[in-house]
Amino acid sequence: MEHILTGFSILIDPMSLAVILLGTIVGVLVGALPGLSSSMAVALLLPFTIYLDPVPAISMLAALYCAGTFGGSITAILINAPGAPPAAATAFDGYPMAQRGEAGRALGMAAVASVIGGILSLIVMVLAAPALARISHSFGPPEYFALAVFGLSMLASISGKSPVKNLIGGAFGLLIATVGVDLTTGVERFTFGIPELYEGISFIPILIGLFAIAELLSQANVRDKVLERISLNAIKLPSVTDFKRVWPTILRSSGIGTFIGILPAEGSTMAAMIGYNEARRWSKNGDKFGTGEIEGIAGPEAANNAATGGSMVPTLALGIPGSATAAVILGGLQIHGIRPGAYLFENQPDLLYSIFAAMFLANVVFLVFGLVGARLFSRISLIPRTFLWPTVFALCVVGAYGVNQSMVDVMIMLIAGFAGFWLKRYGFGAAPIIMGVVLGSLVENSLAQSMIIFDHDAWRFLDRPIAIGFFLLAAFSLFYQPVFGWLRRFRRPRSAASKGAK
Amino acid sequence: MRHWMKSGLLMTSLATAALAFSATSGADDFPSEPIEIVVHTSPGGGTDTTARIVALATQAQLGTNVYVQNKKGGGGSVAMSYVKSKPADGYTVMAITPTHLFTMLRGNSPLDIDDIQGLARATDDPIIVMVRGDSRYKSIHDLIEAGRAGVIKWGGTQIGGVDHIAAMSFAKAAGMKVSFVPFDSGAEFAAALSRGDIDAAGLNISETRDQIAAGDFRPLAVMADDRMKALPDVPTLSEKGLDISFSTVRGYVVLKSTPKARQEILEKAMLKGMESDRYQNYLKGIGLDETSIEDAADWDSQIRRMYKAGQETMQDLGLAR
Numbered sequence: 000m001e002h003i004l005t006g007f008s009i010l011i012d013p014m015s016l017a018v019i020l021l022g023t024i025v026g027v028l029v030g031a032l033p034g035l036s037s038s039m040a041v042a043l044l045l046p047f048t049i050y051l052d053p054v055p056a057i058s059m060l061a062a063l064y065c066a067g068t069f070g071g072s073i074t075a076i077l078i079n080a081p082g083a084p085p086a087a088a089t090a091f092d093g094y095p096m097a098q099r100g101e102a103g104r105a106l107g108m109a110a111v112a113s114v115i116g117g118i119l120s121l122i123v124m125v126l127a128a129p130a131l132a133r134i135s136h137s138f139g140p141p142e143y144f145a146l147a148v149f150g151l152s153m154l155a156s157i158s159g160k161s162p163v164k165n166l167i168g169g170a171f172g173l174l175i176a177t178v179g180v181d182l183t184t185g186v187e188r189f190t191f192g193i194p195e196l197y198e199g200i201s202f203i204p205i206l207i208g209l210f211a212i213a214e215l216l217s218q219a220n221v222r223d224k225v226l227e228r229i230s231l232n233a234i235k236l237p238s239v240t241d242f243k244r245v246w247p248t249i250l251r252s253s254g255i256g257t258f259i260g261i262l263p264a265e266g267s268t269m270a271a272m273i274g275y276n277e278a279r280r281w282s283k284n285g286d287k288f289g290t291g292e293i294e295g296i297a298g299p300e301a302a303n304n305a306a307t308g309g310s311m312v313p314t315l316a317l318g319i320p321g322s323a324t325a326a327v328i329l330g331g332l333q334i335h336g337i338r339p340g341a342y343l344f345e346n347q348p349d350l351l352y353s354i355f356a357a358m359f360l361a362n363v364v365f366l367v368f369g370l371v372g373a374r375l376f377s378r379i380s381l382i383p384r385t386f387l388w389p390t391v392f393a394l395c396v397v398g399a400y401g402v403n404q405s406m407v408d409v410m411i412m413l414i415a416g417f418a419g420f421w422l423k424r425y426g427f428g429a430a431p432i433i434m435g436v437v438l439g440s441l442v443e444n445s446l447a448q449s450m451i452i453f454d455h456d457a458w459r460f461l462d463r464p465i466a467i468g469f470f471l472l473a474a475f476s477l478f479y480q481p482v483f484g485w486l487r488r489f490r491r492p493r494s495a496a497s498k499g500a501k
Numbered sequence: 000m001r002h003w004m005k006s007g008l009l010m011t012s013l014a015t016a017a018l019a020f021s022a023t024s025g026a027d028d029f030p031s032e033p034i035e036i037v038v039h040t041s042p043g044g045g046t047d048t049t050a051r052i053v054a055l056a057t058q059a060q061l062g063t064n065v066y067v068q069n070k071k072g073g074g075g076s077v078a079m080s081y082v083k084s085k086p087a088d089g090y091t092v093m094a095i096t097p098t099h100l101f102t103m104l105r106g107n108s109p110l111d112i113d114d115i116q117g118l119a120r121a122t123d124d125p126i127i128v129m130v131r132g133d134s135r136y137k138s139i140h141d142l143i144e145a146g147r148a149g150v151i152k153w154g155g156t157q158i159g160g161v162d163h164i165a166a167m168s169f170a171k172a173a174g175m176k177v178s179f180v181p182f183d184s185g186a187e188f189a190a191a192l193s194r195g196d197i198d199a200a201g202l203n204i205s206e207t208r209d210q211i212a213a214g215d216f217r218p219l220a221v222m223a224d225d226r227m228k229a230l231p232d233v234p235t236l237s238e239k240g241l242d243i244s245f246s247t248v249r250g251y252v253v254l255k256s257t258p259k260a261r262q263e264i265l266e267k268a269m270l271k272g273m274e275s276d277r278y279q280n281y282l283k284g285i286g287l288d289e290t291s292i293e294d295a296a297d298w299d300s301q302i303r304r305m306y307k308a309g310q311e312t313m314q315d316l317g318l319a320r
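Note that the protein sequences, when read in sequence, are chains A and B.
With the first letter of the first sequence counted as 1, position 341 gets the number 340 in numbering that gives the first Met the number 0; the numbers rise by one all the way through.
With the first letter of the second sequence counted as 1, position 13 gets the number 12 in numbering that gives the first Met the number 0; the numbers rise by one all the way through.
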């Protein structure tokens, strides 16, 4: 209790409070802008934190991390340009809602779901970090392979479109993930002698292209009808009935997000994907996902913010970063001479509670910011297309260039944009492609690593209980749909028929 | 040096008073413009963070802006072609690591070892051969014996990276068989080692101090010429008759054709900057000490030695051009 109070006392220190607030606001902004990610912002701020004491320094970075994950949803919902990879899944239903004139409802839901997910995971972090760290420690290549297989098992069903097309899209995503030097052989694949492709295709340009540029091209095909601009509902916040409807989704996603976050190297993006997919699976309106269902926002947003708290668990308790941003924060700890590990919890509990307090405050601040801002930002969706999309295009180019300051990335973004536009016309969604790209290198590398560890004897996967658990979940995920679909057809013949027609 | 002064004078005589500042290209006035440090990774990570702190420390010495420019890709070859495209005037400094040397050896680089000149070394983190605390390999001798009789599963980062080349050089020199398991990061294969998924790994002290202290990891030998201060009881491989020295080093270079006087100014400013409390605290924070810092002559010869050692191993592995 004493340590908790000491930890929270940083919130009354004006200097600490100021840097935490600064971190939060910077976080929301860089999160919202495509191409500026929270991991990059944390990395850029890192050298300057040397001037600060360790506690406010780390608190600022942690606050930035939390807020950055939320920020991505703003642009995902408003202009279909996820500001950061974790917000990709939020765009699936968020943008259709904004198009319908319900931007405020979507933004408000994103803020609330994010905060609930974020705070629940923080509570888990302080209560159980050392115990949970043990789980994350037991995750080796075989376990990751099983987890990735579980992720891939969702490919066919991730969007309401045709399962076959989803699988084709997913395979395309996996193919994109093979570009670059293969980790286990050192052989260059599909690089065509372009050095920028040597380390693989960056995720952010693909994301911006598939979402924002593809949407821009679709918009160019639509005439700006006056009718569509009459959307007075835009600034309405979500209602109580909305929250009644989504609370199970938020709780489920918070659990998923915290768990995925705890796994080293698996960050918010995968958490959001799985959170979205589970929201769809358990929703009554699962087949309407992708057309603007509010649960489709709550699912990924609660999950990706829960993953921020989760990813701090192995970072602090084991020194193994739980995500890319957590890796940079880990560097920040080291710069200040703080060595993470079980010892941290015994020797410096104050620091742990300070980080908790900072992340907690960040969540509260961006809730206020998000709700007040929702009314303001939602007006963006009222801007006529003719003015909005050229601006978005400029933002996208800058975003794609900014990641690595590379024109190759801008080209990749444009190619992904045209490909995305074309694929969309033929009924392929972005979701399975993104899923394939996210999981591609994980599934491939973890299998190759496992096989070396197992002396090339695949049966030895059966020695790993956690891996077996995920393989079973994958099997459940694959066969759930046909079995339940079959049962549903018996019970509700009409809804099944409408699904078939779609 | 002469002709630089001369051209400076010539230009001064030609330039108008308003343009006088552009004429001060003579070594005496260097640096008058911002200096960039080109890093081959995205922001974050050891090389980038070190460069950013060195930039801050050097800036304080030179009185001009020093900033980090990230040019990611191609195992350093994007950074190297960027540096090659810039004039050799000392305003472009490149951070290099063993990765750059191996990229040169693969024949994928626009620069060659003879095109660069070392300025100063910022970090030196020797690779230490480690096994799990309860492993049956009590000494480096046990490990070598086991590797001669069977196969050792060895963890490291990507194929063709410093961990891989170091492990393979060691295996060849000791006559062992090693099955190399590549991971994305040091933290990952450290975890794999403590889980028992792999038998041994080459790790840095900065990543493993607590595990060694707690007895989770057992350091068997250091891949360096001298024993480490932090591990006085751990032998070096060269003591065991194996001339294997690999280290996670980070230092700075310029193009070789950069005027000598400017190289010296940069070297001095960097070394002085790295003496500062700020940089020393950073080193301490990441588990290193002042022996990491090395001047141009020593750093330059270390680069060349590592290049040579890497060349032999990479040719054996079929990775070199």
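One or more of the hints may lead you astray.
Quick list of the computed label-pair ranges, beta carbon to beta carbon [unchecked claim]:
(1) Y66(B) to Y342(A): 17 to 23 Å
(2) G195(B) to L51(A): 51 to 57 Å
(3) P129(A) to G195(B): 43 to 49 Å
(4) G484(A) to D183(B): 49 to 55 Å
(5) F47(A) to A213(B): 29 to 35 Å
(6) L51(A) to E32(B): 26 to 32 Å
In silico contact screen, one side only, chain B against chain A (beta carbon under 10 Å); selected entries [stated by the list, open to error]:
(7) Q68
(8) K176
(9) R226
(10) M227
(11) L230
Please keep in mind that the hints were generated in silico from the structure rather than gathered at the bench.
Since we're looking at a predicted model, the values are computed, not measured.
No residue lacks a Cβ here, since even glycine has one placed at the ideal position from N, Cα and C.
Hints, verified against the model:
Taken as a hint, the range 17 to 23 Å is violated for the pair Y66(B) and Y342(A), whose Cβ atoms sit roughly 36 Å apart. As the Cβ distance of G195(B) to L51(A) is approximately 40 Å, the hint placing it in 51 to 57 Å is violated. Roughly 21 Å separates the CB atoms of P129(A) and G195(B), a value that falls outside the hinted 43 to 49 Å. Between G484(A) and D183(B) the beta carbon distance is about 38 Å. The supplied range of 49 to 55 Å is therefore violated.
For F47(A) and A213(B), the hinted distance range of 29 to 35 Å is satisfied, since their beta carbons lie about 33 Å from each other. For L51(A) and E32(B), the hinted distance range of 26 to 32 Å is satisfied, since their beta carbons lie about 30 Å from each other. Taking 10 Å as the C-beta cut-off, the interface hint given for Q68(B) holds, the closest approach to chain A being about 8 Å. The restraint placing K176(B) at the interface with chain A is violated, with a minimum CB-CB distance near 13 Å, outside the 10 Å limit.
Contact between R226(B) and chain A, as hinted, is not supported at the beta carbon level, the nearest pair being about 22 Å apart and thus beyond 10 Å. Violation of the interface hint for M227(B) is found here, the shortest Cβ-Cβ separation to chain A being roughly 17 Å, above the 10 Å cut-off. Taking 10 Å as the C-beta contact cut-off toward chain A, the hint placing L230(B) at the interface is violated, the least distance being around 16 Å.
Hints 1, 2, 3, 4, 8, 9, 10 and 11 from the earlier list are contradicted by this structure; the remaining hints agree with it.
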